[in-house]
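J.: Take the sequence shown: its letter number 247 is residue 247 in UniProt numbering, and every next letter is one higher.
Just so you know, these hints were derived from the structure itself, not from any lab.
Warning: the hint list may mix true and false statements.
As the list claims (entries may be wrong) - Straight line, CA to CA, 25 Å or less: simulated DMTMM-like cross-link-like pairs of lysine to aspartate or glutamate: (1) 32 / 134; (2) 255 / 278; (3) 258 / 129; (4) 53 / 278; (5) 181 / 242; (6) 17 / 36; (7) 32 / 110; (8) 255 / 129; (9) 108 / 177; (10) 53 / 177; (11) 32 / 127; (12) 239 / 256; (13) 101 / 3; (14) 277 / 110; (15) 184 / 129; (16) 101 / 10; (17) 255 / 142; (18) 53 / 127; (19) 126 / 145; (20) 181 / 110; (21) 53 / 162; (22) 26 / 173; (23) 239 / 127; (24) 258 / 173; (25) 112 / 173; (26) 277 / 177; (27) 126 / 138; (28) 126 / 110; (29) 108 / 145; (30) 61 / 138; (31) 26 / 177; (32) 101 / 177; (33) 42 / 127; (34) 69 / 3; (35) 42 / 138.
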Amino acid sequence: MRDAVQHFCEKHLDKIKAYMQVVFVKLPLPSKCTIEERKSRKHAILQFACQGKGEHCLYSKTLFVMRTKNPRLWIHLMFLALQARSSNALSTRESSVSSLKNCWDILKYDNKSFLALVTSSFPSAKDQDHLIGELRCERFFDVFEYNGPLTLWGCFLCNHPDRARGFLQEGGEPVIEGQLKEKKKKWKLFRHWRTRYFTLSGAHLSYRGLKDDKEAQPIEVSQIRSVRPISSRGRNIPKAFEIFTSDRTFVLKAKDSKNTEQWVQCLSIALARSHAKDSVH
């Protein structure tokens, strides 16, 4: 016996496929959604897989994980993606659909049933842009991009295998290097910065002074917890960024916002590579 979801999908199958054909290019879709409960609050956790699966894939054994504030849009799109990839109309009896329904039922979001969600109007272009903004804030696009010729969302090293050497080999050509200004923590009342020369090569980030040119001080990428840009007051485009290690925080300023984005992206890729390497062992 057909359920209401299956009836809806059967009636609108062609429309769903046409809609998702456009969405697949614009927006990556999570491979899994789970619910995390903390302090009596429920949060939707999204997991993204690399579809490239190349030799040096950053996510061959791991997933890109993020918490979302927009579970309604994501779960709706995940359902439509399942249907678009299927030749037959799906029902709630399908395990993949049932899993999404379970997530939605746990969240109890908007007091709307799963049936009402998946049969509602498709997420608009504005809704999709909102999700892209959320991904951008999570630095998703530092490590993933859409591969047009292969029609898939792949990680940076799957899409650019020619760039893998710099992230894999020690002592080779630097992935990125240059002068950055480091904020001195002890001068909290003043904006006191000192210029250092930073180099990212393989799994090592090192820095040295400019005047005395002492031996470079290493920072193991595996010791970095996270990297994030700092938006200045009244500015949406950051010129500074932070590196968090287990025992220290670096506040660094690049020459301009473009250079900041380059540093944050390269460090994010190196960090993902380090996590991928650790997951193999």
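J.: Now look at each hint and say whether the structure bears it out.
T.: For each hint, the structure was consulted:
Under the criterion of a C-alpha separation no larger than 25 Å, the hint pairing residue 32 with residue 134 is consistent with the structure, at around 17 Å. Distance check on the hinted pair: residue 255 and residue 278 sit about 33 Å apart at the alpha-carbon level, beyond 25 Å; violated. With a C-alpha separation of about 22 Å, the suggested pairing of residue 258 with residue 129 holds against the 25 Å cut-off. The suggested pairing of residue 53 with residue 278 holds, with an alpha-carbon distance near 17 Å, which does not exceed 25 Å.
Annotation: proposed proximity of residue 181 to residue 242 holds, straight-line Cα distance about 12 Å (limit 25 Å). With a CA separation close to 31 Å, the supplied pair residue 17 and residue 36 exceeds the 25 Å bound. Our distance criterion of 25 Å between C-alpha atoms is met by residue 32 and residue 110, whose separation comes to about 21 Å. Distance hint between residue 255 and residue 129 is unfulfilled; the C-alpha atoms sit about 29 Å from each other, more than 25 Å.
Distance check on the hinted pair: residue 108 and residue 177 sit about 49 Å apart at the alpha-carbon level, beyond 25 Å; violated. Note on residue 53 and residue 177: the hinted pairing is violated, with a Cα-Cα distance of about 29 Å set against a maximum of 25 Å. Between residue 32 and residue 127, the direct Cα distance comes to roughly 20 Å. Compliance with the 25 Å bound is thereby established for this hinted pair. The hinted pair formed by residue 239 and residue 256 meets the criterion: a straight-line CA distance of about 6 Å does not exceed 25 Å.
For a cut-off of 25 Å, the pair hint linking residue 101 to residue 3 stands: about 14 Å separates their Cα positions. In summary, the hint linking residue 277 to residue 110 is not supported, as the alpha carbons are separated by about 41 Å, beyond the 25 Å threshold. With a C-alpha separation of about 38 Å, the suggested pair residue 184 and residue 129 falls outside the 25 Å cut-off, and the hint is violated. Proximity of residue 101 to residue 10 is assessed by CA-CA distance (about 18 Å); at most 25 Å being required, the pair is judged to hold.
For the suggested pair residue 255 and residue 142, the alpha carbons sit about 19 Å apart, so the restraint of at most 25 Å is met. A distance of roughly 29 Å separates the Cα atoms of residue 53 and residue 127; the hinted pair therefore is violated under the 25 Å criterion. The suggested pairing of residue 126 with residue 145 holds, with an alpha-carbon distance near 20 Å, which does not exceed 25 Å. A C-alpha spacing of about 47 Å is found between residue 181 and residue 110, which places the hinted pair above 25 Å, so the restraint is violated.
Under the criterion of a C-alpha separation no larger than 25 Å, the hint pairing residue 53 with residue 162 is consistent with the structure, at around 15 Å. Using a Cα cut-off of 25 Å, the hinted pair residue 26 and residue 173 is violated, with the two alpha carbons roughly 34 Å apart. Only pairs whose Cα atoms come within 25 Å are accepted, and residue 239 paired with residue 127 is rejected, the gap being roughly 28 Å. Proximity of residue 258 to residue 173 is assessed by CA-CA distance (about 21 Å); at most 25 Å being required, the pair is judged to hold.
Distance hint between residue 112 and residue 173 is unfulfilled; the C-alpha atoms sit about 55 Å from each other, more than 25 Å. With a CA separation close to 23 Å, the supplied pair residue 277 and residue 177 stays within the 25 Å bound. A threshold of 25 Å between alpha carbons decides the hint, and for residue 126 with residue 138 the separation of about 19 Å falls inside it, so the pair holds. Between residue 126 and residue 110, the direct Cα distance comes to roughly 20 Å. Compliance with the 25 Å bound is thereby established for this hinted pair.
The straight-line distance between the Cα atoms of residue 108 and residue 145 is roughly 33 Å, outside the 25 Å bound, and the hint therefore fails. Between the alpha carbons of residue 61 and residue 138 the distance comes to roughly 20 Å, so the proposed pair stays at or under 25 Å and holds. For the hint linking residue 26 to residue 177, the alpha-carbon distance of about 32 Å lies beyond 25 Å, and the restraint is violated. Between the alpha carbons of residue 101 and residue 177 the distance comes to roughly 48 Å, so the proposed pair goes past 25 Å and is violated.
At roughly 22 Å between alpha-carbon atoms, residue 42 and residue 127 fall within 25 Å of each other, so this suggested pair holds. A distance of roughly 30 Å separates the Cα atoms of residue 69 and residue 3; the hinted pair therefore is violated under the 25 Å criterion. Annotation: proposed proximity of residue 42 to residue 138 holds, straight-line Cα distance about 19 Å (limit 25 Å).
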